[in-house]
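Make the complex out of the two chains shown on their own, each in a separate frame, by following the hints.
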Amino acid sequence: MHSFGYRANALLTFALTILALICAMASFSDNLNSPSPSAHVQVLNINWFQKSSQGNDEVSLTLNVSANLQSLFTWNTKQVFVFLAAEYETPINSLNQVSLWDGIIPAKEYAQFGIHTTNKYHFDDQASLSSRNAGSNLRGREYNLTLHWHVMPKTGKMFADKLVMSGFRFPEEYR
Amino acid sequence: MGWIGEAVDSVKSLRIRQVLSQAVSLGMIVTSALIIWKGLMCVTGSESPVVVVLSGSMEPGFRRGDILFLHMSKDPIRAGEIVVFNVDVHESQDTEDVDVLTKGDNNMGDDRPLYAHGQLWLQRHHIMGRAVGFLPYVGWVTIIMTEKPIIKYLLIGALGLLVITSKE
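Order-wise, the sequence lines are chains A and B.
Heads up: the first sequence runs through residues 1 to 175, numbered per our numbering.
Heads up: the second sequence runs through residues 1 to 168, numbered per our numbering.
Don't take every hint at face value.
[Unchecked claim] Just so you have them, the derived chain A footprint on chain B, three or more residues with Cβ under 8 Å:
1) 35-48
2) 67-81
[As the list claims (entries may be wrong)] Below are the BS3-like pairs computed for lysine-lysine, each with C-alpha atoms no more than 30 Å apart in a straight line:
3) A:Lys120 to B:Lys103
4) A:Lys154 to B:Lys74
5) B:Lys74 to B:Lys103
6) A:Lys108 to B:Lys103
7) A:Lys120 to A:Lys108
8) A:Lys154 to B:Lys12
None of these hints come from the bench; they were simulated from the model.
Ideal Cβ positions, reconstructed from N, Cα and C, are used throughout, including at glycine.
So that you can see chain B by itself, here it is in the shape it has in the complex (with noise of 0.2 Å):
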């Protein structure tokens, strides 16, 4: 009987060791896109260093679905540059700072529409960081996830099924 007992155990740990083996090549995935988001927010300085066109406002240069990646440096926004900001609706301190006033290439008027309600200027808090790079295309993914969410569950589902059933 005894050379039931060590089949049954030597199956256990191997099935221990396997689930222990697929567990820590999944965290390896979550903790490098991790870093790499982090490491890239070091960098570059800015709290969102990647960002993805969501609207035509800025044709034709930039479509919705492509890609900007941020720079943010002690250097004075200056006229003509490309910003992304970050709207907060707490109240506007009476600064010495340089006041901003964004627009969209396609638009008509200015974005103050956009602001929060009353506000007419763009402090330096609210500036994310300039764009320094494009990259076309890619941010479709994002927005397909984000607007047909089934897709998105769709894929994490075969993805974890992939990383289950893998045998390496």
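Isolated chain A (complex conformation) (with noise of 0.2 Å):
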């Protein structure tokens, strides 16, 4: 009854079972943590607009993102993944998101930042496979800058949000 076997199956099962609700409570307590981000997102300048010799609109921008991430750490937060994407609306697709700049925010100290950066990733209006039109629907398109982030927990339930900046517009002609 009372063999090595026996006590050491007992130790086991109990070290996990706490271990297990130490993690839950852990995930749980993210929910009492109501985070107030802030961001601001500039586009300087318009450095190129043009027609890609695949037919498609591509554009360049400089940006300068400013945001305060910082409430959204806790003690169970491993990092944050922020990226700012583009969206726009076209007559055949009702949301388009173009990523246009990511990063890797690995604790509270770096959440506050300031960057001035042109669009890391292509930005073109991608062609759809399905209906084959070229993908020239920016020039006046009015569109969104919107900061998604997710937050990594150290254990357990992720979190993803966003701050929508709307009111961008492209110009009307190729420059």
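Right, dumping it as structure tokens:
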């Protein structure tokens, strides 16, 4: 009854149960945090705006992104993945998302930042494969710049949210 | 002489009873594991509710040996989401589906070299689910067992021996 194996088994089971319980509580405690992140994006310059060799509209922007995401960090936060996407509506697709910049925030100290950058990834209006129409929808198009973030926990549930900054518009003509 | 036969009979019935109860308890362990897995499949809507991270392509977010919990819903896949996909060799059909291209945070390029030969995009039916939860290190158990099968056989053997020899 009280053999070595029996005691080892009981100890292991108890330790694993407590560990699982602590993980669950750590994950649950994230719900008690009500973050108040802020972000501001400026389009400083449109470096070029043209038709690419494939016929898609292509644009290069210089951006100023400043944000304060410190309130997203809790004791159970490993890192925050953040990316800035341009979002717009075309007659065929109700939502187009183009990722312009992304970054990984490893700790709370780095969660307040201001960066000055051109778009890290190509911004072209991709032609839809199924309808085979060229992506020439950007001239005069209104668009949002949306800061998305994914909070990666040390353990448990992952959170994601975004801040939409609207009121941007492409020029009517290529330049 | 009658009492010897009686004793043998009682020992025999005891053995059969014990063997039966051990078989039942072993069956309970196997079936309850199966029930939990299939139940998770129903709740999450994903054909593989729990996956183990096998490579370092998503570092520093997810390391090798971490576990991801998946959920599959009808919502369309959006930019930035962490999806788990299963590449099959079927021809892709020209559907009205949204095409998806994936990339590991820690990789320079996108995941096209991982797709089936000549495949440029993932379709909806390739996606097994999006990651909603995370548990570190636990996946090492399965990684070790697949890479060092001898440990797996030792473990199964020891557990089997324990079940057979246990008195309760």
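Taking the hints in turn, this is what the structure says about them:
1. Against chain A, the region 35-48 of chain B contributes 0 residues with a C-beta closer than 8 Å to a partner C-beta. That does not satisfy the three-residue criterion, and the hint is violated.
2. Counting residues of the region 67-81 of chain B whose beta-carbon sits less than 8 Å from any beta-carbon of chain A gives 4, enough to reach three: the coverage restraint holds.
3. Restraint check for Lys120 (chain A) and Lys103 (chain B): satisfied, since their Cα atoms lie roughly 15 Å apart, inside the 30 Å limit.
4. About 28 Å separates the Cα atoms of Lys154 (chain A) and Lys74 (chain B), which keeps this hinted pair within 30 Å; it holds.
5. Distance check on the hinted pair: Lys74 (chain B) and Lys103 (chain B) sit about 22 Å apart at the alpha-carbon level, within 30 Å; holds.
6. Under the criterion of a C-alpha separation no larger than 30 Å, the hint pairing Lys108 (chain A) with Lys103 (chain B) is consistent with the structure, at around 26 Å.
7. Taking the CA atoms of Lys120 (chain A) and Lys108 (chain A), the gap is near 24 Å; set against the 30 Å cutoff, the hint holds.
8. The hinted pair formed by Lys154 (chain A) and Lys12 (chain B) fails the criterion: a straight-line CA distance of about 55 Å is larger than 30 Å.
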